[in-house]
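Enquirer: Work the whole structure out from these sequences, hints included.
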Amino acid sequence: GAVVSQHPSWVICKSGTSVKIECRSLDFQATTMFWYRQFPKQSLMLMATSNEGSKATYEQGVEKDKFLINHASLTLSTLTVTSAHPEDSSFYICSARGDSEQYFGPGTRLTVT
Amino acid sequence: QKEVEQDPGPLSVPEGAIVSLNCTYSNSAFQYFMWYRQYSRKGPELLMYTYSSGNKEDGRFTAQVDKSSKYISLFIRDSQPSDSATYLCAMSPAEGNTPLVFGKGTRLSVIA
Numbered sequence: 001g002a003v004v005s006q007h008p009s010w011v012i013c014k015s016g017t018s019v020k021i022e023c024r025s026l027d028f029q030a031t032t033m034f035w036y037r038q039f040p041k042q043s044l045m046l047m048a049t050s051n052e053g054s055k056a057t058y059e060q061g062v063e064k065d066k067f068l069i070n071h072a073s074l075t076l077s078t079l080t081v082t083s084a085h086p087e088d089s090s091f092y093i094c095s096a097r098g099d100s101e102q103y104f105g106p107g108t109r110l111t112v113t
Numbered sequence: 001q002k003e004v005e006q007d008p009g010p011l012s013v014p015e016g017a018i019v020s021l022n023c024t025y026s027n028s029a030f031q032y033f034m035w036y037r038q039y040s041r042k043g044p045e046l047l048m049y050t051y052s053s054g055n056k057e058d059g060r061f062t063a064q065v066d067k068s069s070k071y072i073s074l075f076i077r078d079s080q081p082s083d084s085a086t087y088l089c090a091m092s093p094a095e096g097n098t099p100l101v102f103g104k105g106t107r108l109s110v111i112a
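Protein sequences, first through last, are from chains A and B.
FYI, our numbering numbers position 84 of the first sequence as 84, with every residue one higher than the one before it.
FYI, our numbering numbers position 58 of the second sequence as 58, with every residue one higher than the one before it.
Any given hint could be a false lead.
Under the rule of at most 27 angstroms between Cα atoms (straight-line distance), these lysine-lysine pairs were calculated in the BS3-like manner [what the hints assert, rightly or not]:
id	chain 1	residue 1	chain 2	residue 2
1	A	Lys66	B	Lys42
2	A	Lys14	A	Lys66
3	B	Lys104	B	Lys42
4	B	Lys56	B	Lys42
5	A	Lys41	B	Lys42
6	A	Lys14	B	Lys56
The set of hints was computed from the structure by calculation and includes no laboratory data.
Expert: This is how it looks when you write it as structure tokens:
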């Protein structure tokens, strides 16, 4: 199947700092990528839909000024968590949709201290 | 009523058992159905993809879709301890840019 990578796989940062997470589709072009967060033992929660060359579409309740998404190319989308707080600590997962199937990255574990 | 319902389990079975996982949904527009397996602290891995109604088999895994009943299933034959994971069903009405709607996931443990 198609491969989606994420970097970093885990990060620890201090409150008030910003963290950037990269999501890349390695062997296919993705005009659309999705960002999810997942709390322990819970399902995936869609945060936003990232469209190449245009603004992201955020789900209700997700602060667009806090979670900045940039989809600069057909293979790269980035999520920047600005002014991170401990409650932002979570598992962030991106996905990219090929022709039909949707493939997920391995996830990034963010811990804000 | 949630769009996609999935029993969270946990489900515990002995090695070699046949496992049946299922989801129900309410949106009749759903056409694309997927099953993902997620190990702890990892991203979901696509297991099966089905369009519309019918069955699909891949090794020990069989996916079934019954659109008339709005019910999908994943069967795992000869279950192995390595199958222990959370299984998520997902579906969408269209291809391309439409986000998937996920079930909550079922935690499966296969005991050796």
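Enquirer: Look at each hint and say if it fits the structure.
Expert: Evaluated hints:
1. A:Lys66 - B:Lys42: 24 angstroms, holds
2. A:Lys14 - A:Lys66: 15 angstroms, holds
3. B:Lys104 - B:Lys42: Holds, at roughly 16 angstroms.
4. B:Lys56 - B:Lys42: With a Cα-Cα distance of about 25 angstroms, the restraint between lysine 56 of chain B and lysine 42 of chain B holds, given a limit of 27 angstroms.
5. A:Lys41 - B:Lys42: Between lysine 41 of chain A and lysine 42 of chain B the Cα gap is close to 12 angstroms, so the pair holds against 27 angstroms.
6. A:Lys14 - B:Lys56: 48 angstroms, violated
When held up to the earlier numbered hints, the structure conflicts with hint 6 and nothing else.
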